[in-house]
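Engineer: Spelled out from the first residue to the last, the chains are:
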Amino acid sequence: MLIHRLLIHRLMIQCLAAGLITIAGFAGTRPAHAAVEIQWWHAMGGELGEKLEKLATDFNAAQPDFKVVPVFKGSYPEAMTGAIAAFRARQHPALLQVFEVGTATMMAAKGAVYPAYQLMKDQGESFDPKSYLPAVTSYYTDSAGNMLSMPFNSSTPILYYNKDAFRKAGLDPNAPPRTWPEVEAMAKKLQAAGLPCGISTEWPSWVLVENLSAYHNVPLATKANGFEGLNTELKIDGPVVTRQIATLAEWQKTKLYDYGGRTNKAVPKFIAGECGIFIGSSATRAAVLANAKFEIGYGMQPYWPDVKGAPQNSIIGGATLWVLKGRPDAEYKGVAKFFTFLSRPETQAWWHQNTGYLPITLAAYELTRAQGYYDRNPGTDTPIRQMTLNPPTENSKGLRLGSLVQIRDVIEEELEQAFAGKKPAKTALESAVKRGNDLLRQFERANK
Amino acid sequence: MLTKRVTFGGLVLPTLLVMPQLAITLVFFVWPASQAIYQSVMQEDPFGLKREFVGLANFERLFANEAYLQSFGITAAFSLGVAALALTLALLFAAMADWLVRGARVYATLLIWPYAVAPAIAGVLWWFLLHPTTGIYAYALSRLGLDWNPLLNGTDAFVLVVVAAAWKQVSYNFVFFLAALQSIPRSLIEAAAIDGAGPARRFRTVILPLIGPTTFFLLVVNMVYAFFDTFGIVHATTGGGPGTATTILVYKVFKDGFESLDLGGSAVQSVVLMAVVIALTLAQFRFVERKIHY
Chain A
1 MLIHRLLIHR LMIQCLAAGL ITIAGFAGTR PAHAAVEIQW WHAMGGELGE KLEKLATDFN
61 AAQPDFKVVP VFKGSYPEAM TGAIAAFRAR QHPALLQVFE VGTATMMAAK GAVYPAYQLM
121 KDQGESFDPK SYLPAVTSYY TDSAGNMLSM PFNSSTPILY YNKDAFRKAG LDPNAPPRTW
181 PEVEAMAKKL QAAGLPCGIS TEWPSWVLVE NLSAYHNVPL ATKANGFEGL NTELKIDGPV
241 VTRQIATLAE WQKTKLYDYG GRTNKAVPKF IAGECGIFIG SSATRAAVLA NAKFEIGYGM
301 QPYWPDVKGA PQNSIIGGAT LWVLKGRPDA EYKGVAKFFT FLSRPETQAW WHQNTGYLPI
361 TLAAYELTRA QGYYDRNPGT DTPIRQMTLN PPTENSKGLR LGSLVQIRDV IEEELEQAFA
421 GKKPAKTALE SAVKRGNDLL RQFERANK
Chain B
1001 MLTKRVTFGG LVLPTLLVMP QLAITLVFFV WPASQAIYQS VMQEDPFGLK REFVGLANFE
1061 RLFANEAYLQ SFGITAAFSL GVAALALTLA LLFAAMADWL VRGARVYATL LIWPYAVAPA
1121 IAGVLWWFLL HPTTGIYAYA LSRLGLDWNP LLNGTDAFVL VVVAAAWKQV SYNFVFFLAA
1181 LQSIPRSLIE AAAIDGAGPA RRFRTVILPL IGPTTFFLLV VNMVYAFFDT FGIVHATTGG
1241 GPGTATTILV YKVFKDGFES LDLGGSAVQS VVLMAVVIAL TLAQFRFVER KIHY
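So the sequences go chain by chain: A and B.
The first sequence begins at 1 in this note's numbering and counts up by one.
The second sequence begins at 1001 in this note's numbering and counts up by one.
Misleading hints may appear alongside valid ones.
[Claimed, not checked] Here chain B is said to cover these stretches of chain A; the calculated rule only asks that three of the stretch's residues, wherever they fall, bring their Cβ under 8 Å from a Cβ of chain B:
#1 81-88
#2 254-264
#3 268-279
#4 408-414
#5 417-431
#6 434-448
[Unchecked claim] Derived, one-sided and incomplete: chain B residues facing chain A with beta-carbon distance under 8 Å:
#7 F1047
#8 T1134
#9 S1260
[To be verified] Simulated coverage check for chain B against chain A, where a stretch passes if three residues somewhere in it have a Cβ under 8 Å from a Cβ of chain A:
#10 1141-1154
#11 1232-1245
#12 1249-1258
Please keep in mind that the hints were generated in silico from the structure rather than gathered at the bench.
From the three backbone atoms N, C-alpha and C, an ideal C-beta is built for every residue, glycine too.
Between the sequences and the hints, there should be enough to build the whole structure, so can you do that?
Structural biologist: Below you can see the structure in the form of structure tokens.
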């Protein structure tokens, strides 16, 4: 965390230095016709930030008319809040990276957002929504099937396991648990072999509630998870989620399951070798590989075999690129060209292989496979296979809930109460539903 | 009247002289505060596309929220905890430094260092030290047989944020206490010693009353610090959890406003927080100050 911050800090200094050099360069050699500059605010620090910069550099080198200028704005919420504040002062960028939970807020801001499909049409760029992965784009399309933002970096939770610990516990290191009963049996063996904990998870609400619901094809909220209207209500106190949380709360007593905190704070439990199994974001792979001192195996999320329709498909997290209105027309021409560039199979395949995020087009997936990348890096195709297990249903297309940031907080607060044994799982989830619905009603009133 | 009054003639010069102070107060205090009050009665989308006057609806919504009311209790306990811990430790260290003859300067300098650490970094440091998986202090605690888990145990998490917040403030308090202790005339303490008062009694009946004004000043400053400046610590460590065990008022303001973009809801909370701190400071001056002798 601290190291991460230091990296971000260093990156910021580098950006600043780069900016100064650019300015110095401009003062010296002014090109005959200046390229139109397009500001791109993003939230990718460290290594990922460098990869993102390379995309912009490559685009700028490929054509003379436009210059995409990436600006690092901090965390996802910071980038979004910063851009919104800038919009109010009419100093906003044309292009903005927004995390998936901000989707409903962006969608509701009709006067501020230039929908991606509209932009591509207006600028005459060829654009076929069908070439994108449905499991990715469905999160960002309106009820009429129009893509509102351009998918950029998407991830999904997968299962990681410690192969060395599996061997020590007498388990087959090439057979990850596929179902929750298998998780239980294997976790017990891991504990018997001396591990303090069997399984842990990160991003509690995203993994244990949102993805669990989609993967078991049960609704998270009414009105097709909010896609069909603002008057949606949470449904997370149903039997599937309740059993999951009750089971984990029971396991917590013996640390068969050990809760590791919100966001990505649980990762150390896995990489320190404390827990032998871990469910986390597919984009955590790089960090796990860099830090774990044991062999890592990958699997799909576990499911309950007695739930009909499971496993369905998992849903995504990550971010998309939104276009903001109110910039000069010339910039939008460039943004459309940049989107076309980003969607090219070669660009996508490179991004996918170098960052661990999902490819957003089927062509990029096929290209990566043809290049032999998945054979050389076992486990890297797990997220995409899991995302595309089945065509998405209305329960597994994604979520369209206003105030999702706050709703996640509410859900995680209640999960913590359940795991700490302060409330039964059912009561905790009912309370989360009630508190979450209050937030949904508030959002509905504010965005009528 | 024996006191001689220096007065300026006319209005122009005095007005000019107080202008900078007034301008600063207006720009940095009155203006933002009135903005907060204005936003607290509006309902508005984040982009500022639609704005609607809603009267006190935001306040009603806030006080109907049980989690918010709980947050008051948590904040009270948090502020008292931070102030008490930071003041006691600082006084103890200052008394030691004052008592030392050799190396007092080195000791004092070392103690001042933590004040230069930003709250978020202080939070992260303590989070590392007390993390159940990687923390060295957590390891020591578990060796002592304590089941330390701030990730799930609300009390543990609360202790963690109080310690991190107080640790930073100890340095600040220490400087003031040390200065106060050093300004006490030696003759008073020596006189008390000659009268047969032991160190503990001298401390209680001579030193404590004499550093009263400093203690009072620090109490106010520490309370305000705990109320306003600590969201970085919470943000970097517990994120308000587990449950709502460490969701203090100012953290909720930050989170609702800057992460959830609920501008009206966040503005209402700042207005409430502002009122609470004004009331607290007034109460402290009204009731505690009367017992202080300058």
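Engineer: Which of the stated hints cannot be reconciled with the structure, identified by number in ascending sequence?
Structural biologist: none
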